[in-house]
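Numbering (UniProt numbering), first residue to last: 1 to 262.
Just so you know, not all the hints are guaranteed correct.
Here are the simulated lysine to aspartate or glutamate pairs, DMTMM-like style, with alpha carbons at most 25 Å apart [what the hints assert, rightly or not]:
id : residue 1 : residue 2
1  : Lys182    : Asp214
2  : Lys182    : Asp209
3  : Lys182    : Glu138
4  : Lys182    : Asp156
5  : Lys182    : Asp87
6  : Lys182    : Glu116
7  : Lys182    : Asp37
8  : Lys182    : Asp122
9  : Lys182    : Asp221
What follows is a set of in silico ranges between Cβ atoms, one per label pair, in the way DEER data are often shown [stated by the list, open to error]:
id : residue 1 : residue 2 : range
10 : Gln215    : Glu106    : 17 to 27 Å
11 : Arg154    : Thr113    : 41 to 51 Å
12 : Arg41     : Ala102    : 16 to 26 Å
13 : Ser112    : Gly31     : 18 to 28 Å
14 : Ala161    : Ala110    : 47 to 57 Å
15 : Ala148    : Pro92     : 31 to 41 Å
16 : His219    : Ala126    : 21 to 31 Å
17 : Arg168    : Asp36     : 15 to 25 Å
18 : Ala110    : Arg154    : 30 to 40 Å
19 : Arg103    : Leu223    : 26 to 36 Å
20 : Ser165    : Ala109    : 47 to 57 Å
21 : Arg41     : Ala224    : 19 to 29 Å
22 : Pro180    : Gly40     : 17 to 27 Å
Just so you know, these hints were derived from the structure itself, not from any lab.
Think of the CB as a built atom: it goes at the ideal place given N, C-alpha and C, for glycine as much as any other residue.
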Amino acid sequence: MAGFRDRGTSTEGHRAIPHPSVTVVVEFGAGPLIVDDPTGRQRRGSLVAGLGFGAVRVRGEHFAAVQVRLSPVLVPAVLGVSPADLDGAVAPLDDLWGPPLARLREQLAAASTWAERFALTDAVLARCSRGGTSVDPEVTWAWRRILASHGRVRVDSLAAAVGWSRRRLWSRFHAQIGLPPKRAATLVRFDHAAHRLAAGVPTARVAADSGYADQSHLHRDVLAFTGVTPATVAREPWLAVDDVAWPGHAARHRPPGRGIRH
Numbered sequence: 001m002a003g004f005r006d007r008g009t010s011t012e013g014h015r016a017i018p019h020p021s022v023t024v025v026v027e028f029g030a031g032p033l034i035v036d037d038p039t040g041r042q043r044r045g046s047l048v049a050g051l052g053f054g055a056v057r058v059r060g061e062h063f064a065a066v067q068v069r070l071s072p073v074l075v076p077a078v079l080g081v082s083p084a085d086l087d088g089a090v091a092p093l094d095d096l097w098g099p100p101l102a103r104l105r106e107q108l109a110a111a112s113t114w115a116e117r118f119a120l121t122d123a124v125l126a127r128c129s130r131g132g133t134s135v136d137p138e139v140t141w142a143w144r145r146i147l148a149s150h151g152r153v154r155v156d157s158l159a160a161a162v163g164w165s166r167r168r169l170w171s172r173f174h175a176q177i178g179l180p181p182k183r184a185a186t187l188v189r190f191d192h193a194a195h196r197l198a199a200g201v202p203t204a205r206v207a208a209d210s211g212y213a214d215q216s217h218l219h220r221d222v223l224a225f226t227g228v229t230p231a232t233v234a235r236e237p238w239l240a241v242d243d244v245a246w247p248g249h250a251a252r253h254r255p256p257g258r259g260i261r262h
């Protein structure tokens, strides 16, 4: 969870880097939050972005927002849809949350601190949770294994570990997580590499440590996910709110795992 505020100092916006989660953004500022997605469509206000969304630009003047990253295995319970229904796209959050979203926006605007806003958002997430899950335990295990390995795991080994055929794992994983397992592993590996780049690790070292064949392989993956080079991704301010990229950054001012971006 992270808080963002724009004080009207820039209208160019920032590139949002694809992340292995479903991203929920609740906007509550004086000005609109505007998102330009890779297809050229423009979204305004609160939104939800599917797993592995393409590189988008976020802009606006005098907006404020709380961003929540949800594990895809929790999305059916919290949002009431499958990650596959989102299909990696950016959609209005109003369509999923309705009246509770309007009330949350009012509460966020009235709150005086980010800690209070995070607590309000936590409470709404809990109330919206429908309980249970529509994700198979085998799929949940495979997803967590992909995360734990930073994407460096073979689909064949995942299928063998859960006692499924490769085809069945592909079908069930795709339907419930929103990406095929190999694509999900590629996204997780890219995310790990992007945070290493943002932390200042040399590109050659990142490529070797992240399981890429060489720097050219890393370059192609980064370009495919973001539209820019690894050197540009390393400077993207959007990653600066993440404790993985900046361990301990502003730790005195936020709970673990939560950031404030101004």
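Structure-based check of all given hints:
| no. | hint | result |
| --- | --- | --- |
| 1 | Lys182 with Asp214 | holds, 19 Å |
| 2 | Lys182 with Asp209 | holds, 19 Å |
| 3 | Lys182 with Glu138 | holds, 16 Å |
| 4 | Lys182 with Asp156 | holds, 10 Å |
| 5 | Lys182 with Asp87 | holds, 16 Å |
| 6 | Lys182 with Glu116 | violated, 39 Å |
| 7 | Lys182 with Asp37 | holds, 24 Å |
| 8 | Lys182 with Asp122 | violated, 32 Å |
| 9 | Lys182 with Asp221 | holds, 13 Å |
| 10 | Gln215 with Glu106: 17 to 27 Å | violated, 49 Å |
| 11 | Arg154 with Thr113: 41 to 51 Å | holds, 46 Å |
| 12 | Arg41 with Ala102: 16 to 26 Å | holds, 23 Å |
| 13 | Ser112 with Gly31: 18 to 28 Å | holds, 20 Å |
| 14 | Ala161 with Ala110: 47 to 57 Å | holds, 49 Å |
| 15 | Ala148 with Pro92: 31 to 41 Å | holds, 33 Å |
| 16 | His219 with Ala126: 21 to 31 Å | violated, 42 Å |
| 17 | Arg168 with Asp36: 15 to 25 Å | violated, 38 Å |
| 18 | Ala110 with Arg154: 30 to 40 Å | violated, 50 Å |
| 19 | Arg103 with Leu223: 26 to 36 Å | violated, 42 Å |
| 20 | Ser165 with Ala109: 47 to 57 Å | holds, 51 Å |
| 21 | Arg41 with Ala224: 19 to 29 Å | holds, 20 Å |
| 22 | Pro180 with Gly40: 17 to 27 Å | holds, 26 Å |
Of the numbered hints given earlier, the model fails hints 6, 8, 10, 16, 17, 18, 19; all others are met.
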